[in-house]
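Student: Based on the hints, put chain B with the ligands in the right spot on chain A.
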Amino acid sequence: MEYFVQQVINGLQIGFVYALVALGYTLVYGIVRLINFAHGDVFMVGAFIGLYAIERHHLPISAVFLAAVGGCALLAMAMERVAYRPLREAPRIASLITAIGMSLFLEYFTALHQVFGPDYYSFPRPFAVTTWEVRGITLTNIQAIIFVVTLLCLGLLQFVVYRTRTGRAMRAVSYDYVTAGLMGVNVNLVISLTFALGGALAGVGGVLYGIAYPQVNTFMGVMPGLKAFTAAVLGGIGSIPGAVLGALIMGQSETLTAAYLSSTYRDGIAFLILIAVLVWKPTGILGTARTEKV
Amino acid sequence: MLLSIENINVYYGRLHALRDVSLQVDRGEIVSLIGANGAGKSTALKAISGVLRPRSGTINHEGRDLAGLPPHKIARMGVAHVPEGRGVFANMTVRENLLLGAYARRSRREAEESIEKVFTLFPRLSERSAQLAGTLSGGEQQMLAIGRALVARPSLMLLDEPSMGLSPLLVGEIFNLIGEINREGTTILLVEQNAYMALSIAHRGYVLEAGGIVLSGLSADLRKDPRVQAAYLGDVGTPPPE
Ligand SMILES: Nc1ncnc2c1ncn2[C@@H]1O[C@H](COP(=O)(O)OP(=O)(O)OP(=O)(O)O)[C@@H](O)[C@H]1O
Ligand SMILES: [Mg+2]
Numbered sequence: 001m002e003y004f005v006q007q008v009i010n011g012l013q014i015g016f017v018y019a020l021v022a023l024g025y026t027l028v029y030g031i032v033r034l035i036n037f038a039h040g041d042v043f044m045v046g047a048f049i050g051l052y053a054i055e056r057h058h059l060p061i062s063a064v065f066l067a068a069v070g071g072c073a074l075l076a077m078a079m080e081r082v083a084y085r086p087l088r089e090a091p092r093i094a095s096l097i098t099a100i101g102m103s104l105f106l107e108y109f110t111a112l113h114q115v116f117g118p119d120y121y122s123f124p125r126p127f128a129v130t131t132w133e134v135r136g137i138t139l140t141n142i143q144a145i146i147f148v149v150t151l152l153c154l155g156l157l158q159f160v161v162y163r164t165r166t167g168r169a170m171r172a173v174s175y176d177y178v179t180a181g182l183m184g185v186n187v188n189l190v191i192s193l194t195f196a197l198g199g200a201l202a203g204v205g206g207v208l209y210g211i212a213y214p215q216v217n218t219f220m221g222v223m224p225g226l227k228a229f230t231a232a233v234l235g236g237i238g239s240i241p242g243a244v245l246g247a248l249i250m251g252q253s254e255t256l257t258a259a260y261l262s263s264t265y266r267d268g269i270a271f272l273i274l275i276a277v278l279v280w281k282p283t284g285i286l287g288t289a290r291t292e293k294v
Numbered sequence: 001m002l003l004s005i006e007n008i009n010v011y012y013g014r015l016h017a018l019r020d021v022s023l024q025v026d027r028g029e030i031v032s033l034i035g036a037n038g039a040g041k042s043t044a045l046k047a048i049s050g051v052l053r054p055r056s057g058t059i060n061h062e063g064r065d066l067a068g069l070p071p072h073k074i075a076r077m078g079v080a081h082v083p084e085g086r087g088v089f090a091n092m093t094v095r096e097n098l099l100l101g102a103y104a105r106r107s108r109r110e111a112e113e114s115i116e117k118v119f120t121l122f123p124r125l126s127e128r129s130a131q132l133a134g135t136l137s138g139g140e141q142q143m144l145a146i147g148r149a150l151v152a153r154p155s156l157m158l159l160d161e162p163s164m165g166l167s168p169l170l171v172g173e174i175f176n177l178i179g180e181i182n183r184e185g186t187t188i189l190l191v192e193q194n195a196y197m198a199l200s201i202a203h204r205g206y207v208l209e210a211g212g213i214v215l216s217g218l219s220a221d222l223r224k225d226p227r228v229q230a231a232y233l234g235d236v237g238t239p240p241p242e
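Top to bottom, those sequences are chains A and B. Note that the first sequence covers residues 1 to 294 in the numbering used here. Note that the second sequence covers residues 1 to 242 in the numbering used here.
The shape of chain A in the complex, shown without the other chains (with noise of 0.2 Å):
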């Protein structure tokens, strides 16, 4: 019993931060309807800017985070504003396409030298590591700290899309930009900030992902993009508790198997996952089928 309440917290560690990846896919999405397949690369960006922070300017934690947040959120609204406004009106298979090719060129530009280099580093830990053992559970800080910090992350988002102007001219752009418009609502900025938010999330996940999983490399987004996208998908593209909820459900599964039956299968669980869903459930479960927008 409690090797499985220990493999449930350690699911909930990797599942929370795939939680704040997942929310980038969703957000996006919701608004435009792309799949930002270079998403996984901003949470990349994010990690390296984490570990530059501490490493080479020593600055405290909570300037870390901020330190991504706003490194990964400028990302965004870059990619965002050279590679995916000029595709709006084009055909879907367009942007999809961008976005793939975005992704491969954040992979392969940053691991030149001159950049953030080719290698496998080492996340420095910006605090030491204690544990706590309750009852032969244990739990350390680095575990209390992803769940803190993305807990806030999750509260602050729901405050911002449900209570503010700007999340209710973010809802109306994803449901009807046109009319959106006519609302006097700036169309562009709000996309550009909704790719500013899910960047900043991302960046947060990549700074949490360094510190709990302590290597890092250009291509370590790939994998975990490709998860919280599956955790999107699975929870119902577009909306945001079924991101959280997704991706809550991936961590899971990923830990127990690698817990029960074997680490090998970890990763090819969650592409069951994907395909399962796709060919079952393709709206996900907490997804609306909704008409699309002409």
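Just so you know, not all the hints are guaranteed correct.
Distance windows between CB atoms, simulated [what the hints assert, rightly or not]:
id, chain 1, residue 1, chain 2, residue 2, range
1, B, Met164, A, Val279, 37 to 43 Å
2, B, Arg124, A, Arg33, 30 to 36 Å
3, B, Glu116, A, Ala111, 58 to 64 Å
4, B, Arg19, A, Arg88, 42 to 48 Å
5, B, Thr120, A, Arg92, 53 to 59 Å
6, B, Gln24, A, Val115, 55 to 61 Å
7, B, Arg19, A, Arg92, 28 to 34 Å
8, B, Arg124, A, Leu66, 47 to 53 Å
9, A, Arg165, B, Pro226, 50 to 56 Å
To spell it out: a stretch of chain A is covered by chain B in this simulated footprint if at least three of its residues, at any positions, have a beta carbon under 8 Å from a beta carbon of chain B; those stretches are [stated by the list, open to error]:
id, region
10, 138-145
11, 158-169
12, 183-189
If you only want the chain B side, here are some residues facing chain A, beta carbon under 10 Å, derived [what the hints assert, rightly or not]:
id, residue
13, His72
14, Ile74
15, Arg86
16, Phe89
17, Met92
18, Ala104
19, Arg105
20, Arg108
21, Ala152
Hints were generated in silico from the structure; no laboratory data involved. The model shown is predicted, which means the values in this text are computed figures rather than measured ones. Virtual Cβ for every residue (Gly too), placed ideally from N, Cα, C.
Tutor: Chain B with the ligands only, in chain A's frame:
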């Protein structure tokens, strides 16, 4: 002149949807634009509100050139476009829809004041302010769409087929409201297929055919025009009373 359109040409790809259309709306007027399906009425409103960009010609509102401006800037200059099919945000409450209408007002208090004013005009919206807009009836959605445009306190309101899909009784109610809104000082450009209703409420009218204006004049004269009667008013032996 509040709105002055000179010789605009609008295309959808190679389809020439508006041909040298010119049209004027004076402050305080209700002007109606009538025409058959596909004549280009909605296209004309979309060109004014910036959803579509004319390839040539000028659109002038309160002395300012609207050409090339994005829709949100035009909306903030006082042009409120109530689109065909209403365009309410079905997944938001009535109040949230109205707040979006007041989006350009940064002060929450001013927004609330405008909304209260709209509630006095549309008590039915007030009763349903927490209801999701998608669950409103067609007539209530039309009231919401008009109310949402009103909270922006526009100088010019563009209405695209407000009578569409409504029962005759509701059509009457909506047209009464349009008249009232106009008497309170909002200038209105009204697009309608229901030419009889449109010409009974409007001061002046334009007739659009295949993308071009073919007739214009005072509503009373248009109603008597045999061409208009044949094409748009049906075979009205005895014109209904005013
Ligand atoms: N997005 C579009 N792409 C291509 N053609 C379009 C588009 N929208 C409208 N058209 C065409 O432009 C012409 C004018 O359309 P518009 O919607 O302005 O007509 P309308 O007068 O509003 O008609 P209705 O009374 O049916 O609403 C029509 O021939 C229509 O098929
Ligand atoms: Mg129309």
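Student: Does each hint hold? Answer for all of them.
Tutor: Outcome of the hint check:
Our hint of 37 to 43 Å for Met164(B) and Val279(A) holds, since their Cβ atoms are close to 40 Å apart. At about 34 Å, the beta-carbon gap between Arg124(B) and Arg33(A) stays in the expected band of 30 to 36 Å. Range check, Glu116(B) to Ala111(A): Cβ separation about 59 Å, and the 58 to 64 Å hint holds. The supplied range of 42 to 48 Å is broken by Arg19(B) and Arg88(A), whose beta-carbon atoms lie about 29 Å from each other.
Range check, Thr120(B) to Arg92(A): about 45 Å between beta-carbon atoms, so the 53 to 59 Å window is missed. Between Gln24(B) and Val115(A) the C-beta distance comes to about 60 Å, which sits within the given range of 55 to 61 Å. Taking 28 to 34 Å as the suggested C-beta distance range, the pair Arg19(B) and Arg92(A) conforms, at roughly 33 Å. At roughly 48 Å, the beta carbons of Arg124(B) and Leu66(A) sit within the given window of 47 to 53 Å.
Range check, Arg165(A) to Pro226(B): Cβ separation about 53 Å, and the 50 to 56 Å hint holds. Given a C-beta distance limit of less than 8 Å, the hint that chain B covers the region 138-145 of chain A is violated, as 0 residues qualify and 3 are needed. Here the region 158-169 of chain A counts 3 residues with a CB under 8 Å from a CB of chain B, which clears the bar of 3, and the coverage holds. Using a Cβ-Cβ cut-off of 8 Å, 6 residues of the region 183-189 of chain A lie near chain B, which meets the minimum of three, so the contact claim holds.
About 5 Å separates the beta-carbon of His72(B) from the nearest beta-carbon of chain A, less than 10 Å, and the hint is met. Interface restraint check: Ile74(B) against chain A, minimum CB-CB distance 9 Å, threshold 10 Å, status holds. About 9 Å separates the beta-carbon of Arg86(B) from the nearest beta-carbon of chain A, less than 10 Å, and the hint is met. Interface restraint check: Phe89(B) against chain A, minimum CB-CB distance 5 Å, threshold 10 Å, status holds.
Interface hint status for Met92(B): upheld, as the beta-carbon distance to the closest one in chain A is roughly 6 Å, under 10 Å. Nearest Cβ of chain A to the Cβ of Ala104(B): about 4 Å, under the 10 Å cut. The hint holds. With 10 Å as the threshold, the beta carbon of Arg105(B) comes within range of chain A, its nearest partner Cβ sitting at about 9 Å, so the hint holds. Hint on Arg108(B) holds. Least Cβ distance to chain A is approximately 8 Å, under the 10 Å limit.
Restraint check, Ala152(B) versus chain A: the minimum CB separation of about 7 Å is within 10 Å; hint holds.
Violated hints for the displayed structure, listed by number in ascending order: 4, 5 and 10.
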